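Visitor: Single-letter residue listing:
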Amino acid sequence: MRVLPAGPGALMVEVASTAEAAALYAAARAADLHATDVVPAARTVLFDGVPDRSLLEAWLRSVDLSAADRPVAPGGVVELPTTYDGADLDDVARLWDMTPAEAVAVHTGTVFVVAFCGFSPGFAYCTGLPEELSVPRLDSPRPRVPAGSVGLAGEFTGVYPRSSPGGWRLLGRTDAALWDAEAEQPALLSPGTQVRFVEVDR
Amino acid sequence: MTVAGRSRSLRVLDAGVLTTVQDAGRPGLAHLGVPRSGWLDPAAATLANRLVGNPEGAAVLECVLGGLVLEASAAVTVAVTGAECAVHVGRRAAQHAGAVSVPAGSVVSVGAIARGVRCYLAVSGGIAVDPVLGSRSTDTLSGLGPAVVTSGSVLPVGPAVALPSGAVAAAPVPGGVTVLRCTPGPRYDWFTDEALRTLATSAYQVGPDSDRVGLRLDGPALPRSVTGELASEGLVVGAVQVPADGRPLVFLNDHPTTGGYPVLAVVDCSDVGRCAQLRPGDEVRFRWP
Chain A
1 MRVLPAGPGA LMVEVASTAE AAALYAAARA ADLHATDVVP AARTVLFDGV
51 PDRSLLEAWL RSVDLSAADR PVAPGGVVEL PTTYDGADLD DVARLWDMTP
101 AEAVAVHTGT VFVVAFCGFS PGFAYCTGLP EELSVPRLDS PRPRVPAGSV
151 GLAGEFTGVY PRSSPGGWRL LGRTDAALWD AEAEQPALLS PGTQVRFVEV
201 DR
Chain P
1 MTVAGRSRSL RVLDAGVLTT VQDAGRPGLA HLGVPRSGWL DPAAATLANR
51 LVGNPEGAAV LECVLGGLVL EASAAVTVAV TGAECAVHVG RRAAQHAGAV
101 SVPAGSVVSV GAIARGVRCY LAVSGGIAVD PVLGSRSTDT LSGLGPAVVT
151 SGSVLPVGPA VALPSGAVAA APVPGGVTVL RCTPGPRYDW FTDEALRTLA
201 TSAYQVGPDS DRVGLRLDGP ALPRSVTGEL ASEGLVVGAV QVPADGRPLV
251 FLNDHPTTGG YPVLAVVDCS DVGRCAQLRP GDEVRFRWP
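One line per chain: the protein sequences are A and P, in this order.
Going by this note's numbering, the letters in the first sequence line up with residues 1 to 202, in that order.
Going by this note's numbering, the letters in the second sequence line up with residues 1 to 289, in that order.
Since the hints were made in silico from the structure, they are not lab data.
Note that this is a predicted model, so its numbers are computed, not measured.
Any given hint could turn out to be false.
Some but not every residue of chain P turned toward chain A, in silico, with C-beta under 7 Å [said to hold, decoys possible]:
1. 184
2. 226
3. 228
4. 232
5. 234
Beta carbons: idealized from backbone N, C-alpha and C, even for Gly.
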């Protein structure tokens, strides 16, 4: 764990893996720290709006991430009904050296956990695929990816909450509502949420 | 024209170049990918609220380069602060950075900005559009919050809660070279020593593509010592990020919550607000502690 500077009111903590970042975020949430924003990412957790840095640094010294096992939020597994007709399904299957049906079976057979959100409100980076199934982003992003598109990039899978440009490889689509700014919990998927994709014909 | 009980509102006769509703924004939701948003020049915006007797967090109009014309449905008090501009009620000149009484049915016009970029118009009672995630701010990056103000729209105004203060305070709009105090950012060690010296000693010019997301700067390149790809990580307001094209940018309130380019420095939050008033071509210098 390495503490990096991020201005007078913030600290960035760098860790060894996405799992450690998720564990640190979960620990921070549980500890109810004084920070306006705690922002997990792939290898870091940003603590922003920190009134007392020495207090936070002392807490960081006390945190044990060695037992980092994908921490999950309460609330069970969110199931996303998904139609696997994405434009990149065949390419992903080729990259994985399997048939498209087998690729779908891998994706539906994995219980993912949201490591962090970013890119746009409610866009969740879901982890759970083994490292050897990482896929590169598209060389050139699509100018428009429809809302509900289910994609892969690097070690992550995710769903576009709304239509936007995007470079993720598309496996399919879901009509689940990923984002509702009027709801008490606006994001269906937030850090720690468990996710399973369930194949449907539609 | 006025009818008893008629709701208080401002009809937008001309929205100018870009006018948005802003308050203190949506801090605390960055872990969901929600930008902070909110007024770019908090000193000017909160001054406007104080002048008209509003609570500090009431929603105001943030107007880029002026040209805003409004008709008040009921008698209200307004104050225009921030960037320097002429203010009129009907044909009568009114004070900039002062409490201005606007009779029912009168037209308030904000002239072209003479110095600075963004002026703030507060109205007694505040702009009362529906909040989204606890804020009335328009987030130009994610699209959250009310739509950008357009000509012809009608903005609801809340009930006035206190008497206008009437006090006048100087509107501090920077002139000449702006010095932004900064400290090292999380990835300062991804840059050469020369890059740190360059940032601390060079003049940068504000680029024409600057907006609420960031102040984009032109100037000497900032060479990196680590050239690998950075996994996306959280961003703070004031982060000085150096993207692939080498042009540094200072992230402002509508910045994305995470970014994949290294952050070399962080501008002190007390100086970030000054970025709101910088025009394309204005000179910026960074000062290290």
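Visitor: None of the hints should be skipped; say for each whether it holds.
Guide: Status of the hints after comparison with the structure:
A distance limit of 7 Å between C-beta atoms decides the matter here; for residue 184 (chain P) the minimum to chain A is near 5 Å, and the interface restraint holds. Contact between residue 226 (chain P) and chain A, as hinted, is not supported at the beta carbon level, the nearest pair being about 13 Å apart and thus beyond 7 Å. The criterion of a C-beta within 7 Å of any C-beta in chain A is not met by residue 228 (chain P), whose closest approach is roughly 12 Å, and the hint is violated. Hint status for residue 232 (chain P) relative to chain A: holds, with the closest Cβ pair at about 6 Å, below 7 Å.
Taking 7 Å as the C-beta cut-off, the interface hint given for residue 234 (chain P) holds, the closest approach to chain A being about 3 Å.
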